Every structure is written in C-alpha cells, then in structure tokens.
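J.: Read off the chains here:
There are 2 protein chains.
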Amino acid sequence: MIDYEGLAALLSGWDNITILTHKSPDGDCIGAGLALCYYLRAMGKRANVLNSDGIPQRFSFLSEGYTQQEFEERHVVSVDVADTQLLGERLEHYSDRIDLCIDHHRTSKRFAARNFIDPDASATCLVLYELFEHMGGTPSGIVASCLYTGIATDTGCFKFQNTTPAAHRAAARLMELGADYEEINRRMFDIKSRGRLAAEQILIGGIRYFDEGGIAVIVITNEFIEKYGIDRAELDGMASIPLNVEGVKIGITMKQQEDNPECFKVSLRTVCADACEIAEKFGGGGHVRAAGCTVSGSADSALLRIVSEAEKYL
Amino acid sequence: MIDYEGLAALLSGWDNITILTHKSPDGDCIGAGLALCYYLRAMGKRANVLNSDGIPQRFSFLSEGYTQQEFEERHVVSVDVADTQLLGERLEHYSDRIDLCIDHHRTSKRFAARNFIDPDASATCLVLYELFEHMGGTPSGIVASCLYTGIATDTGCFKFQNTTPAAHRAAARLMELGADYEEINRRMFDIKSRGRLAAEQILIGGIRYFDEGGIAVIVITNEFIEKYGIDRAELDGMASIPLNVEGVKIGITMKQQEDNPECFKVSLRTVCADACEIAEKFGGGGHVRAAGCTVSGSADSALLRIVSEAEKYL
Numbered sequence: 008m009i010d011y012e013g014l015a016a017l018l019s020g021w022d023n024i025t026i027l028t029h030k031s032p033d034g035d036c037i038g039a040g041l042a043l044c045y046y047l048r049a050m051g052k053r054a055n056v057l058n059s060d061g062i063p064q065r066f067s068f069l070s071e072g073y074t075q076q077e078f079e080e081r082h083v084v085s086v087d088v089a090d091t092q093l094l095g096e097r098l099e100h101y102s103d104r105i106d107l108c109i110d111h112h113r114t115s116k117r118f119a120a121r122n123f124i125d126p127d128a129s130a131t132c133l134v135l136y137e138l139f140e141h142m143g144g145t146p147s148g149i150v151a152s153c154l155y156t157g158i159a160t161d162t163g164c165f166k167f168q169n170t171t172p173a174a175h176r177a178a179a180r181l182m183e184l185g186a187d188y189e190e191i192n193r194r195m196f197d198i199k200s201r202g203r204l205a206a207e208q209i210l211i212g213g214i215r216y217f218d219e220g221g222i223a224v225i226v227i228t229n230e231f232i233e234k235y236g237i238d239r240a241e242l243d244g245m246a247s248i249p250l251n252v253e254g255v256k257i258g259i260t261m262k263q264q265e266d267n268p269e270c271f272k273v274s275l276r277t278v279c280a281d282a283c284e285i286a287e288k289f290g291g292g293g294h295v296r297a298a299g300c301t302v303s304g305s306a307d308s309a310l311l312r313i314v315s316e317a318e319k320y321l
Numbered sequence: 008m009i010d011y012e013g014l015a016a017l018l019s020g021w022d023n024i025t026i027l028t029h030k031s032p033d034g035d036c037i038g039a040g041l042a043l044c045y046y047l048r049a050m051g052k053r054a055n056v057l058n059s060d061g062i063p064q065r066f067s068f069l070s071e072g073y074t075q076q077e078f079e080e081r082h083v084v085s086v087d088v089a090d091t092q093l094l095g096e097r098l099e100h101y102s103d104r105i106d107l108c109i110d111h112h113r114t115s116k117r118f119a120a121r122n123f124i125d126p127d128a129s130a131t132c133l134v135l136y137e138l139f140e141h142m143g144g145t146p147s148g149i150v151a152s153c154l155y156t157g158i159a160t161d162t163g164c165f166k167f168q169n170t171t172p173a174a175h176r177a178a179a180r181l182m183e184l185g186a187d188y189e190e191i192n193r194r195m196f197d198i199k200s201r202g203r204l205a206a207e208q209i210l211i212g213g214i215r216y217f218d219e220g221g222i223a224v225i226v227i228t229n230e231f232i233e234k235y236g237i238d239r240a241e242l243d244g245m246a247s248i249p250l251n252v253e254g255v256k257i258g259i260t261m262k263q264q265e266d267n268p269e270c271f272k273v274s275l276r277t278v279c280a281d282a283c284e285i286a287e288k289f290g291g292g293g294h295v296r297a298a299g300c301t302v303s304g305s306a307d308s309a310l311l312r313i314v315s316e317a318e319k320y321l
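Residue numbers (the working numbering), protein chains in the order written: chain A, 8 to 321; chain B, 8 to 321.
There's no promise every hint is true.
As the list makes no split between identical chains, a pair holds if one copy fits it or if it spans any two.
Lysine-lysine pairs mimicking DSSO-like chemistry, simulated, CA-CA at most 27 Å apart [unchecked claim]: (1) K199 to K272; (2) K256 to K199; (3) K319 to K199; (4) K272 to K116.
Since the hints were derived computationally from the structure, they do not count as laboratory data. As the structure is a computational prediction, the values presented were derived from the model and not from experiment.
Same shape as in the complex, but just chain A (with noise of 0.2 Å):
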C-alpha cells in the first residue's frame, strides 16, 4: 500500500477526476467527496463530485457554490465507499474501473486499482485531511467546512469510541482554517423542526425492550413516515436513541425500505458488543460501536431476527 505521500503524489499527478460518494449518503462522504473536489480544483485541475441520491438538503450549505464542470473524465476516485454495491444505481456502472479508493472502513472491499485505506482514521476526511496536508497549499474555509463535517458526523461529535487525538487535533487546525464549526454543529446535531420532534417523541414512546432492558429496538415503518410527513435523511440521527436508554447494550433501529417494504434498513449501535459482526450475519459492515446491514422479512420476522442474532453479543 502507498502511503500519505505516495498518495500526495499520485493525485497531484491526475486531472479531469471524478469523485464517487456512497448511496443514502452521510456527513462523512459528501463531506469528503466535495472537499476532494474543491481541494483539487484550487489546485487548477477539473474535478467533479457524484452521489446516486444526490446532495441531501441537510448537506447543501456544503455545496452552494459548487456547478458541475465539464471535461473528459480521465480518473475515477471513490471517497468513503466500502463496497461497490453502495454505489447506488446511478453510479454502479463505475464499479469495474475506480483508479482510487480513498476510505477509513476497516471492512473495505478493496476494490479499486488503489486502495488506500486507513482503518484508524476516525473518518475518511480525517484520511483526506492528513492527505492535504501531505499535498501543500492551505485548505480553504469551506474545504475546511467539509472535513469538519465528515469528522464531527462519523465521530458523533467527538463522542463516540472512534474519535482519536488525531481527529480532535485536525479539529483544532480546520477551525483556524475557517470551519463553521458552530453552525455546522447546530446543522448536523441539534436542530430538529417541531415534524422531527413530534415523531421523535413517538418513537421514543414506541421503543421495545429485550434481555431486560440490554436491546431496545425503534421500528420506522413507511407508514408512520408518511403519517408524519418526515425527511427520510433526517431520520439518519435516530439510530443512536436506543443506545441512549440507560441499561441498553445494544440499540437497534430498523427502517422500513421506501421502494422494497419486506425490506428493513437496519442500524446497529453499541456498548460492548461489536456492531460489525452482528451486521455482517446479515451482510452487512461497519465498526465495532456502529454498523449496519439490511433484514428482509414483515416487521415483526425481521425484528426477531436480528433480535434473536443480537441476544448472543450481550
């Protein structure tokens, strides 16, 4: 494997990239694919950002001056992308021919030319913040921006297990770079419209116990999302409530599929017991704290399964 400045070097050597987020995107990818972007494009190179969904309007501050450019596309990087199922439709026909994969899951696929992984990264913009720095030139404010919200997103705002000195330290650094720590802070943590509130109340009502208390599970049916007209990319912030019932080992959050509703999108969250081996019974990955994967079946069938897996972690 290369190293940050064979990275460094590689990259700088490139023009006319595209950049690859995941599907169902979070802070870290599109705070990683658009800081890449812009990082490169101040270097006088053309450079483009790609998600299957789409930017998220929880993210869009991170892209207002951002416009598509044309050129003829002469590398293909992916950012924070474990797998080239995660892709999503709009771009899976990328997946046989990524230059690059840039990415801190320690479950990666591997699946690009290059494959440079950093397991210990608390983010892949912490990976990317460590290449820039390996690259010369000053980040901007919104490159800044990016980086911070990839780091703060993956790492629950410097709470959860995976935050390391190094992410506090680039922290540090991004916030004397301009970050709009306060306002991203306020965007991605706390603030919730009356909507969110409401269900979150109900939720949070609904919320069922196993193992005397060990396993709380919050189950997000389309119906309910429907009912109370809720942004599904909001709902990304939920899978940490079961967690945070005291006693609770294993918190458990399981959606509802929009197009496949024999389909359970299910997020795992963690004391103790490791997320990505329950996750990957069913297929899925992660880290050890937070994982996810998907559990076919009606509500109930589903829920006892992944119940019945996650019984054994406790």
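Chain A is fixed; fit chain B onto it per the hints.
T.: Chain B only, in chain A's frame:
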C-alpha cells in the same frame, strides 16, 4: 494580573489548600475542583474540595477514590465561581477570605485576594489544563478525566460557539493521558433513564412558542418533577432543548425552585442574541450563548417577564 507562570509559582508554594466550587454544581466546577485537588495531592500537598450541595450522583465516577483529608487550612482557592453568592449556604462563610479565584467567567466579581480569570478559555478546566502544563508533572488518568469532563460539558461536547482550537488540542492530549472520554461522553450527554426520557418527551410536547417561533420556552414545575420522580441534577441537560427546535433563536428553560415555588431558575440559550445581557437584566449572568438568572413570580408571570425581555433581543 499574574500570568500562568506566576499562578504556577504561587500554587507551588502553597499547602493545606481548601478548594471551593459553586452550588448547583456542573461538570466544569466538579471537574475543576477534583482535578486541582488530585493534582495538588499528587505533588505531595494536602488539599480538599468542597461543594455546598455535595457531588451529584452523575459526577460520582470522578470522585470514587476521593476522601477528605485532615489538615489545618492555610489557603483557600475557588474554581469556576463567578460570584461569592454562588458558593451556597454551607460555604458562604468563606466569602471574605478566598486567597485565589481561578475562573473563566467574563462576569467574574473578582472577589478574591488574587483573581486569575481567563475569559477566552472555554472552561475553568481548560484554565487548569494550561496551569498544569506550567507546573510540570504529568496529570494522572483521573485528573485527565476530570479536566476532560469540564471542557466537554462547558462546550456542549465541542459544539458550542465557545469551543476553541485550544479546547480541542487539550482534549486530544487529555485522551492520551487516559481521559475515559467514551464513558464520560455517554454519561454526560447520552444516557438517559426511561423516566427521564418519558419526562423529556412530555416537556418537548409542552414547549410554548412566542414571536413566530423565535422564542421557545419549557417550564418545569415541582409538580411535574414529583409526578415523574425526576432527579433534579438530571434536568440540567434540558436547557438546550428549546433552542434545538428549527427557527428558534432564544431558548428558555424555567425550573421552579424546590424550596421556593414562587421562584424560577431560568436558563437561556441563544443564537444571535446575547444571553448574558438578558440574564443580567434579572441579576444573573453567564456567557454570550448560555446564561442563567432567577425570576420570581407565578409560572405565568415569571414566563411573561422573561419572554418580554427576551423579545427585545430578537
């Protein structure tokens, strides 16, 4: 005013030290008090830390190894106390004989013989962190945990406007020194009892909005606290809730006093408006984005008075 070096030299020459913290203790005053006490003891000095209300259950993990020492008190130091009125009943007899006040509140009354106030520090624990850097010697793991707790709680886990690059760099170093950040963050920010969750949901459901949603108010009455069997110390975190509703610029939480039902402790959280200025109108104080005061009257009249004042700042 003495600088950090002078402060380090001063404290190094003292022994038999009583450390005072403020009533209704929060993470920063408990963290600072215990950190200073542990640090001085590790230097071979005798020191105790006192609080008028004792150490609340939620901070007890920081004082597990702590016992009071017997000695003839020679010096008195207050930490995180902006005004002697905040010492509380059991400590008010110290008011006129405090040798040194260490604090970060801009509104400090500078009541001690020597006052070391660093208003640019995110927390009093950050002042102590800098101080210990100047005193030499490596802080122990428990000192690191105490300091981390104060910095994390006063910055809302690095989210608030008062977060500085220095706060992040201190956090990085404190993690390396053994601060149990994951456990601390879970305890301070995430874990809630089922009772607290239920109470929170009811309070959120009862939020009152003024000025087209620019001001949001939560009123917590004694009746409510009794009904749900809530630990009053647990209610501190509630103060940030009203500001987290989309569109709210000033969030107000009013808590009826246990011993004086005609009196409400008011917490102000703001974006844009100066919370401290509003609080000062009612004899309170604090920071630009977070401040507090006491307002007397029935729930309705107290609410009317504080909202009428807050409106002027929208």
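J.: Work down the list of hints and note, for each, if the structure agrees.
T.: These are the hints, each one checked on the structure:
In this homomeric assembly, K199 and K272 come within 27 Å of each other (Cα to Cα) both inside a single copy, at 22 Å, and across copies, at 25 Å. For the identical chains of this complex, K256 and K199 are neighbours both inside a copy (26 Å) and across copies (13 Å), given an alpha-carbon limit of 27 Å. For the identical chains of this complex, K319 and K199 are inter-copy neighbours only, at 25 Å across copies versus 35 Å inside a copy, given an alpha-carbon limit of 27 Å. In this assembly of identical chains, the alpha carbons of K272 and K116 lie at most 27 Å apart only when taken from the same copy (20 Å versus 55 Å across copies).
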